[in-house]
Amino acid sequence: SQQGEEDPQALSIQEGENATMNCSYKTSINNLQWYRQNSGRGLVHLILIRSNEREKHSGRLRVTLDTSKKSSSLLITASRAADTASYFCATEPRGAGSYQLTFGKGTKLSVIP
Amino acid sequence: DGGITQSPKYLFRKEGQNVTLSCEQNLNHDAMYWYRQDPGQGLRLIYYSQIVNDFQKGDIAEGYSVSREKKESFPLTVTSAQKNPTAFYLCASSNPGQGTEKLFFGSGTQLSVL
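First to last, the sequence lines map onto chains R and W.
Per the working numbering, residue 1 is the first one in the first sequence, and the count goes up by one each step.
Per the working numbering, residue 1 is the first one in the second sequence, and the count goes up by one each step.
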């Protein structure tokens, strides 16, 4: 079953703008992860945020987590054409292991040069 | 380079035929996974293995089989019982025992039906 749901399904922005993607989930979690997928390729792990964390940064990426609203957001600042890809959130349910990691359907980001 | 290698990149299956997708990792990871991805969809778990000689069904195991005879290898067989096999198949690995919850993915195999 898919617990995470990304919003929007597709996003098109100009190079240099910021891109924000959201993820909502239904049950309590151990952690939430964001992955990136270039067309026809495998997924690449971007960032992991644990249930007791509220914000995390990695380079141009900023992830927030609101466990009371069961939602997370991924912000990519100063976007580049190379950021064009699909972005997925994945949640690890509380009490489960990474074996139960569930993925959303993704947000397709297009960055126009 | 350390990583996960999936082969072939493209695979075609005829009616009634079984096909096997290869997945090899040299990351020394204990856990390995197979996911199916349909266009515009997220990933769905087919099978996973936490340790050699052990594996568990995921959400959509019907029509698929796996083996885990070596730590490095986790092949997936798509059997003739899988009536809608056309999809992008992704293999992944992780080392949860070392506190590394993130998954490392291969580059995928696109399976199509002739």
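Just so you know, the hints here were simulated from the structure itself, not pulled from any lab data.
Mixed in with the good hints there might be a few duds.
A few chain W residues that don't get close to chain R, going by computed Cβ distances all over 12 angstroms [as the list claims (entries may be wrong)]:
(1) ASN18
(2) VAL19
(3) THR20
(4) ARG44
(5) GLU69
(6) GLU72
(7) PRO75
(8) THR77
(9) PRO96
(10) GLY106
(11) VAL113
(12) LEU114
A few chain W residues facing chain R, derived, Cβ under 10 angstroms [to be verified]:
(13) TYR35
(14) GLN37
(15) ASP59
(16) PHE104
In this text, a Cβ means the ideal position worked out from N, Cα and C, and glycines have one as well.
Exercise. Grab the minimum beta-carbon distance between W:GLU72 and chain R and tell me whether it stays above 12 angstroms.
Key: Nearest chain R Cβ is 17 angstroms from W:GLU72, so the label holds.
Quiz item: Regarding the assertion that W:GLY106 does not contact chain R, is the least Cβ-Cβ distance greater than 12 angstroms?
Solution: Since the minimum Cβ distance to chain R is about 5 angstroms, W:GLY106 lies within 12 angstroms and the statement is violated.
Quiz item: Since W:LEU114 was said not to touch the interface, does its Cβ keep a gap of more than 12 angstroms from each Cβ of chain R?
Solution: holds (20 angstroms)
Quiz item: How about W:ASP59: closest beta carbon in chain R under 10 angstroms, or not?
Solution: At about 7 angstroms, which falls below the 10 angstroms cut-off, the nearest Cβ of chain R leaves the hint on W:ASP59 intact, so it holds.
Self-check item: 12 angstroms cut-off, C-beta based - W:ARG44 kept clear of every residue in chain R
Solution: violated (8 angstroms)
Practice problem: Hey, is W:VAL19 genuinely clear of chain R, shortest beta carbon separation above 12 angstroms? | Solution: holds (19 angstroms)
Quiz item: When you look at the beta carbon of W:PRO96, is every beta carbon of chain R farther off than 12 angstroms?
Solution: Given a closest Cβ separation of 5 angstroms, the condition is violated.
Self-check item: Least C-beta distance from W:PRO75 to chain R larger than 12 angstroms
Solution: holds (17 angstroms)
Quiz item: Under the criterion of a CB-CB separation shorter than 10 angstroms, is W:GLN37 in contact with chain R as hinted?
Solution: The hint holds - W:GLN37 has a Cβ within 10 angstroms of chain R, the shortest such distance being about 9 angstroms.
Quiz item: Minimum Cβ separation between W:GLU69 and chain R greater than 12 angstroms?
Solution: holds (20 angstroms)
Quiz item: Taking the closest pair, is the beta carbon of W:THR77 still more than 12 angstroms from chain R?
Solution: The assertion about W:THR77 holds, with a minimum of 20 angstroms to chain R.
Quiz prompt | When the least beta-carbon distance from W:PHE104 to chain R is tested against 10 angstroms, hint result | solution = Given a least distance of 7 angstroms, the restraint on W:PHE104 holds.
Hints 4, 9 and 10, counting from the list given before, are not met by this structure.
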